[in-house]
Amino acid sequence: MALQLGEIVAALGGEFHGDSALAIEGLAPLESAQPSQLAFLSNPRYRPQLEASRAGCVIVAPAMREPALARGACIVADDPYAYFARVTQLWKRAHARPAGPAIHPSAVIDPEAVVAPDARIGPHCVVERGARIGAGTVLKARVYVAEGCVIGARCILHAGVVIGADGFGFAPSQGGYEKIEQLGAVRIGDDVEIGANTCIDRGALADTVIEDGVKLDNLIQVGHNCRIGRNTVVSGCTGIAGSANIGAHCMIGGAAMILGHLTIADKVNISAGSFVARSILKPGLYTGIFPIDDNASWEKNAATLKQLHTLRDRIKALEKKT
Amino acid sequence: MALQLGEIVAALGGEFHGDSALAIEGLAPLESAQPSQLAFLSNPRYRPQLEASRAGCVIVAPAMREPALARGACIVADDPYAYFARVTQLWKRAHARPAGPAIHPSAVIDPEAVVAPDARIGPHCVVERGARIGAGTVLKARVYVAEGCVIGARCILHAGVVIGADGFGFAPSQGGYEKIEQLGAVRIGDDVEIGANTCIDRGALADTVIEDGVKLDNLIQVGHNCRIGRNTVVSGCTGIAGSANIGAHCMIGGAAMILGHLTIADKVNISAGSFVARSILKPGLYTGIFPIDDNASWEKNAATLKQLHTLRDRIKALEKKT
Amino acid sequence: MALQLGEIVAALGGEFHGDSALAIEGLAPLESAQPSQLAFLSNPRYRPQLEASRAGCVIVAPAMREPALARGACIVADDPYAYFARVTQLWKRAHARPAGPAIHPSAVIDPEAVVAPDARIGPHCVVERGARIGAGTVLKARVYVAEGCVIGARCILHAGVVIGADGFGFAPSQGGYEKIEQLGAVRIGDDVEIGANTCIDRGALADTVIEDGVKLDNLIQVGHNCRIGRNTVVSGCTGIAGSANIGAHCMIGGAAMILGHLTIADKVNISAGSFVARSILKPGLYTGIFPIDDNASWEKNAATLKQLHTLRDRIKALEKKT
Numbered sequence: 001m002a003l004q005l006g007e008i009v010a011a012l013g014g015e016f017h018g019d020s021a022l023a024i025e026g027l028a029p030l031e032s033a034q035p036s037q038l039a040f041l042s043n044p045r046y047r048p049q050l051e052a053s054r055a056g057c058v059i060v061a062p063a064m065r066e067p068a069l070a071r072g073a074c075i076v077a078d079d080p081y082a083y084f085a086r087v088t089q090l091w092k093r094a095h096a097r098p099a100g101p102a103i104h105p106s107a108v109i110d111p112e113a114v115v116a117p118d119a120r121i122g123p124h125c126v127v128e129r130g131a132r133i134g135a136g137t138v139l140k141a142r143v144y145v146a147e148g149c150v151i152g153a154r155c156i157l158h159a160g161v162v163i164g165a166d167g168f169g170f171a172p173s174q175g176g177y178e179k180i181e182q183l184g185a186v187r188i189g190d191d192v193e194i195g196a197n198t199c200i201d202r203g204a205l206a207d208t209v210i211e212d213g214v215k216l217d218n219l220i221q222v223g224h225n226c227r228i229g230r231n232t233v234v235s236g237c238t239g240i241a242g243s244a245n246i247g248a249h250c251m252i253g254g255a256a257m258i259l260g261h262l263t264i265a266d267k268v269n270i271s272a273g274s275f276v277a278r279s280i281l282k283p284g285l286y287t288g289i290f291p292i293d294d295n296a297s298w299e300k301n302a303a304t305l306k307q308l309h310t311l312r313d314r315i316k317a318l319e320k321k322t
Numbered sequence: 001m002a003l004q005l006g007e008i009v010a011a012l013g014g015e016f017h018g019d020s021a022l023a024i025e026g027l028a029p030l031e032s033a034q035p036s037q038l039a040f041l042s043n044p045r046y047r048p049q050l051e052a053s054r055a056g057c058v059i060v061a062p063a064m065r066e067p068a069l070a071r072g073a074c075i076v077a078d079d080p081y082a083y084f085a086r087v088t089q090l091w092k093r094a095h096a097r098p099a100g101p102a103i104h105p106s107a108v109i110d111p112e113a114v115v116a117p118d119a120r121i122g123p124h125c126v127v128e129r130g131a132r133i134g135a136g137t138v139l140k141a142r143v144y145v146a147e148g149c150v151i152g153a154r155c156i157l158h159a160g161v162v163i164g165a166d167g168f169g170f171a172p173s174q175g176g177y178e179k180i181e182q183l184g185a186v187r188i189g190d191d192v193e194i195g196a197n198t199c200i201d202r203g204a205l206a207d208t209v210i211e212d213g214v215k216l217d218n219l220i221q222v223g224h225n226c227r228i229g230r231n232t233v234v235s236g237c238t239g240i241a242g243s244a245n246i247g248a249h250c251m252i253g254g255a256a257m258i259l260g261h262l263t264i265a266d267k268v269n270i271s272a273g274s275f276v277a278r279s280i281l282k283p284g285l286y287t288g289i290f291p292i293d294d295n296a297s298w299e300k301n302a303a304t305l306k307q308l309h310t311l312r313d314r315i316k317a318l319e320k321k322t
Numbered sequence: 001m002a003l004q005l006g007e008i009v010a011a012l013g014g015e016f017h018g019d020s021a022l023a024i025e026g027l028a029p030l031e032s033a034q035p036s037q038l039a040f041l042s043n044p045r046y047r048p049q050l051e052a053s054r055a056g057c058v059i060v061a062p063a064m065r066e067p068a069l070a071r072g073a074c075i076v077a078d079d080p081y082a083y084f085a086r087v088t089q090l091w092k093r094a095h096a097r098p099a100g101p102a103i104h105p106s107a108v109i110d111p112e113a114v115v116a117p118d119a120r121i122g123p124h125c126v127v128e129r130g131a132r133i134g135a136g137t138v139l140k141a142r143v144y145v146a147e148g149c150v151i152g153a154r155c156i157l158h159a160g161v162v163i164g165a166d167g168f169g170f171a172p173s174q175g176g177y178e179k180i181e182q183l184g185a186v187r188i189g190d191d192v193e194i195g196a197n198t199c200i201d202r203g204a205l206a207d208t209v210i211e212d213g214v215k216l217d218n219l220i221q222v223g224h225n226c227r228i229g230r231n232t233v234v235s236g237c238t239g240i241a242g243s244a245n246i247g248a249h250c251m252i253g254g255a256a257m258i259l260g261h262l263t264i265a266d267k268v269n270i271s272a273g274s275f276v277a278r279s280i281l282k283p284g285l286y287t288g289i290f291p292i293d294d295n296a297s298w299e300k301n302a303a304t305l306k307q308l309h310t311l312r313d314r315i316k317a318l319e320k321k322t
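Residue numbers (my numbering), protein chains in the order written: chain A, 1 to 322; chain B, 1 to 322; chain C, 1 to 322.
Since the hints were derived computationally from the structure, they do not count as laboratory data.
Note that the structure is a prediction, hence the values are computed from the model and not measured.
One should not assume that every hint holds.
Pairs count within a copy or across copies, as identical chains cannot be separated in the list.
Think about it this way: if two alpha-carbon atoms lie no more than 30 Å apart in a straight line, the pair counts; the simulated DSBU-like pairs of lysine-lysine are [unchecked claim]: (1) Lys306 with Lys267; (2) Lys321 with Lys92; (3) Lys179 with Lys300; (4) Lys179 with Lys267; (5) Lys321 with Lys282; (6) Lys92 with Lys306; (7) Lys267 with Lys316; (8) Lys179 with Lys282; (9) Lys282 with Lys316; (10) Lys300 with Lys316; (11) Lys267 with Lys282; (12) Lys267 with Lys300; (13) Lys267 with Lys320; (14) Lys282 with Lys300; (15) Lys92 with Lys179; (16) Lys300 with Lys92; (17) Lys320 with Lys300.
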């Protein structure tokens with residue numbers, strides 16, 4: 001099913017140059033787009049690709065208007081990448097099939113849960129007693145929302161997400177452990193997206209809190225009583241231990257690990273694979289990764305690494321002598 | 001729903017000082033507790049917080065009896081943290097709603113599985129042929145227990161847990177792989193808790209074994225034919241490769257990675273994020289983490305790290321000269 | 001239920017020496033096998049175990065024929081490990097119970113999905129509109145296959161697998177994020193096995209591609225638009241970020257992390273726990289792991305590591321002086 005360029009511009013705005021009747025049959029990257037496809041140019045570095053592109057139309061920033069016009073049809077928008085994102089949304093809506101029931105018959109919703117009338121609960125989801133699902137929120141499939149947990153409006157929870165399992169809390173007792181029942185819940189704001197099989201544990205006494213606009217990728221673990229601030233983005237396979245307090249507008253790379261009971265300021269970026277063992281109180285980019293190498297080189301360096309502090313002492317001794 | 005202090009002490013014991021009719025409306029940390037809330041002091045370091053606390057009652061050790069009495073109501077118990085854990089359990093029982101059916105109608109239980117009469121199987125769980133679920137054990141929701149796997153008594157398996165998927169075993173053959181069918185099962189002891197979306201694979205020939213009292217957090221992978229000893233605690237996102245033999249009373253930090261076919265002695269602690277590539281035969285704390293740094297400093301150090309063994313050689317050469 | 005040695009050899013071939021009527025009651029490792037069990041010897045290093053083994057029969061390579069015959073019954077096969085794998089398969093088939101319905105009644109299959117007649121869809125699986133499940137493929141239980149995703153023939157997807165959740169794509173916009181709808185799908189070849197709770201995201205515009213014969217362990221994350229080449233094997237807890245292009249016949253160790261938009265050549269092996277931050281264009285073994293140590297030693301070395309580049313400068317200065 002195609003969309004005419006005129007329909008796209010009518011829906012999303014922007015300054016349009018070209019034939020509004022041209023049928024767009026798909027979206028594609030600049031370098032592979034065909035004459036029936038729409039592409040975008042966000043980074044000026046790729047301007048040579050613009051000139052060579054066969055795309056039927058290209059979304060560009062005002063600064064790229066001239067070269068784009070020289071090539072053919074274009075939509076000029078202040079932020080071409082965000083415009084492109086809105087086109088993908090338009091595209092998806094245009095191709096959606098008629099909606100089935102808001103709550104799939106296989107979902108198990110406790111009679112004391114509250115689900116907004118326009119929320120959508122997919123197959124095999126479970127929403128427990130006292131949980132609340134906000135307006136326009138989508139639980140795709142096989143999502144579990146435990147007792148008393150609250151999900152805001154316009155959230156998307158992908159397949160396999162678990163919200164509100166017990167936090168990991170035990171008191172040592174006679175060589176074993178007493179379970180500390182987790183009496184808090186999870187509160188999730190609006191416009192939050194949570195990736196497949198990600199888990200957010202309920203709080204021990206107070207709640208675990210995910211603020212508005214947070215985006216969590218797949219297979220992430222968020223421990224009890226964490227707080228993740230507004231619009232922070234966390235990539236897949238990351239672990240965040242209990243009571244970590246993470247600021248707003250952070251970007252946490254994939255497979256990072258953040259220890260519990262520490263604070264990360266707003267606008268901190270953590271490189272993928274880094275281990276955060278202390279609070280980070282200043283914005284910036286932080287990294288801690290062992291660089292990969294061919295195995296033979298790694299072995300030699302890793303062996304030396306285990307004597308590193310003795311090397312320092314030997315340098316000091318040499319410095320004294322000379 | 002409140003509990004009176006007298007009810008708590010009647011149920012759990014301890015030496016009580018104060019008004020047994022005082023209604024407790026919640027549990028809270030010492031520093032934020034209100035006059036209607038119960039708190040605890042476990043670590044003597046926090047004694048100043050005790051003196052300032054507004055809590056209606058505080059659980060303390062015998063050594064803190066005097067300052068606690070000076071402040072107001074208290075429960076004196078040998079181990080305040082374990083006592084507090086038991087209060088959370090009492091609290092949860094007191095606030096539970098009447099139980100529904102022991103086996104949720106949406107669960108799929110094979111006719112040849114054996115489920116103890118007082119076990120509880122939640123929504124969308126699957127228990128396959130020959131599996132056995134012990135007395136008082138709870139499968140929260142969407143738990144999968146494969147053929148022939150055995151779960152002991154009083155275990156808790158959180159949402160999304162997978163017990164007994166095939167271990168990862170293939171024999172190279174003609175450029176591809178022959179599957180090695182996994183003919184063992186998983187045997188889990190009593191009083192084991194397993195976090196959301198954690199996976200424990202079935203053994204290849206013999207069984208994978210999780211002993212009594214083990215606590216596993218969320219999103220942990222346990223490979224085929226591992227053994228995890230009694231009362232060992234493993235934090236989230238940890239991976240344990242096949243045939244690892246882990247002792248009793250260990251504590252494995254989050255996002256640790258333990259290679260297969262190695263042995264970890266009893267009472268070994270592994271720091272979060274550490275990679276365990278060799279057996280550890282002595283109790284103690286072990287660590288292997290690249291320290292995080294601002295990215296610019298990290299880049300300089302990481303670049304030098306790749307020449308580390310040449311630095312050692314240069315130091316040696318200098319030592320010869322001087 | 002036992003199998004006679006003659007039945008095994010009749011089904012799988014190989015040169016047999018011994019009593020074909022001997023009933024084999026199980027498979028076991030060489031060192032623990034009983035007279036009613038079948039074992040194998042693949043690595044010549046374990047020849048002393050062969051001589052001591054009590055196994056009823058041993059599968060050996062032609063080079064081990066003599067010592068095996070000196071001990072008792074044996075099957076001589078070109079590749080004993082692959083032969084053993086085929087015995088496990090025979091064993092499983094012989095012990096399978098009569099198959100139930102091909103599609104479990106609790107599974108939710110969209111009317112516009114296409115499931116091969118001999119595919120098997122287990123309890124609580126969800127297969128969405130336009131998805132296709134190939135001949136002989138098994139979805140064990142609680143597997144989710146999203147809209148338009150294609151799974152080839154003879155695949156095995158274990159419990160909790162999520163195929164085709166949205167890739168993680170957002171365009172920054174006004175301090176928050178616009179969702180980039182993920183319009184691609186996931187295409188999985190033939191003979192692919194995917195472990196429990198592993199996630200493979202759908203592509204943004206083009207598809208995410210998993211080629212024939214790939215084996216993925218549990219709790220792996222594969223980002224949008226990745227390609228994983230034929231017969232590559234990936235161990236558990238590994239994360240592969242978006243648009244990574246991984247060759248054929250690679251072996252990726254557990255808990256590795258592979259950044260996005262990079263290329264890994266055919267026949268590259270990555271050690272478990274390594275972080276791959278750059279393309280690897282030559283076959284070989286690559287490693288990047290911080291070596292574990294007792295915590296006190298680690299602390300001293302890690303502290304020195306943060307000054308590593310200054311140590312290099314000090315060595316340089318010393319070299320100039322001497």
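Hint by hint, here is what the structure shows:
1. In this assembly of identical chains, the alpha carbons of Lys306 and Lys267 lie at most 30 Å apart only when taken from different copies (24 Å versus 34 Å within one copy).
2. In this homomeric assembly, Lys321 and Lys92 never come within 30 Å of each other (Cα to Cα): the closest approach is 73 Å inside a single copy and 69 Å across copies.
3. Neither within a single protomer nor between protomers do Lys179 and Lys300 lie at most 30 Å apart by alpha-carbon distance, with minima of 45 Å and 36 Å respectively.
4. In this assembly of identical chains, Lys179 and Lys267 lie within 30 Å of each other by CA distance solely across copies; the values are 20 Å between and 36 Å within a copy.
5. Proximity of Lys321 and Lys282 under a CA criterion of 30 Å is satisfied in neither setting, with 41 Å inside one chain copy and 40 Å between copies.
6. Taking identical chains as interchangeable, the C-alpha atoms of Lys92 and Lys306 are never at most 30 Å apart, the minima being 54 Å within one chain and 48 Å between chains.
7. Taking the shortest Cα distances, Lys267 and Lys316 never come within 30 Å of each other, neither inside one copy (39 Å) nor across copies (38 Å).
8. For the homomeric pair Lys179 and Lys282, the shortest alpha-carbon distance between copies (28 Å) is at most 30 Å, but the shortest distance inside one copy (37 Å) is not.
9. In this homomeric assembly, Lys282 and Lys316 never come within 30 Å of each other (Cα to Cα): the closest approach is 33 Å inside a single copy and 33 Å across copies.
10. In this assembly of identical chains, the alpha carbons of Lys300 and Lys316 lie at most 30 Å apart whether taken from the same copy (23 Å) or from different copies (15 Å).
11. Proximity of Lys267 to Lys282 under the C-alpha cut-off of 30 Å is restricted to the intra-copy arrangement: shortest distance 8 Å within a copy versus 38 Å between copies.
12. Proximity of Lys267 and Lys300 under a CA criterion of 30 Å is satisfied inter-copy only: 23 Å between copies versus 38 Å inside one chain copy.
13. Neither within a single protomer nor between protomers do Lys267 and Lys320 lie at most 30 Å apart by alpha-carbon distance, with minima of 44 Å and 43 Å respectively.
14. In the homo-oligomer, the alpha carbons of Lys282 and Lys300 lie at most 30 Å apart only across protomers (20 Å), although the nearest pairing inside one protomer, at 35 Å, exceeds that limit.
15. In this assembly of identical chains, Lys92 and Lys179 lie within 30 Å of each other by CA distance solely across copies; the values are 11 Å between and 46 Å within a copy.
16. Proximity of Lys300 and Lys92 under a CA criterion of 30 Å is satisfied in neither setting, with 53 Å inside one chain copy and 46 Å between copies.
17. Taking CA atoms no more than 30 Å apart as the test, Lys320 paired with Lys300 passes in both settings, with 28 Å inside one copy and 21 Å between copies.
The structure is inconsistent with the numbered hints 2, 3, 5, 6, 7, 9, 13 and 16, although it conforms to all the rest.
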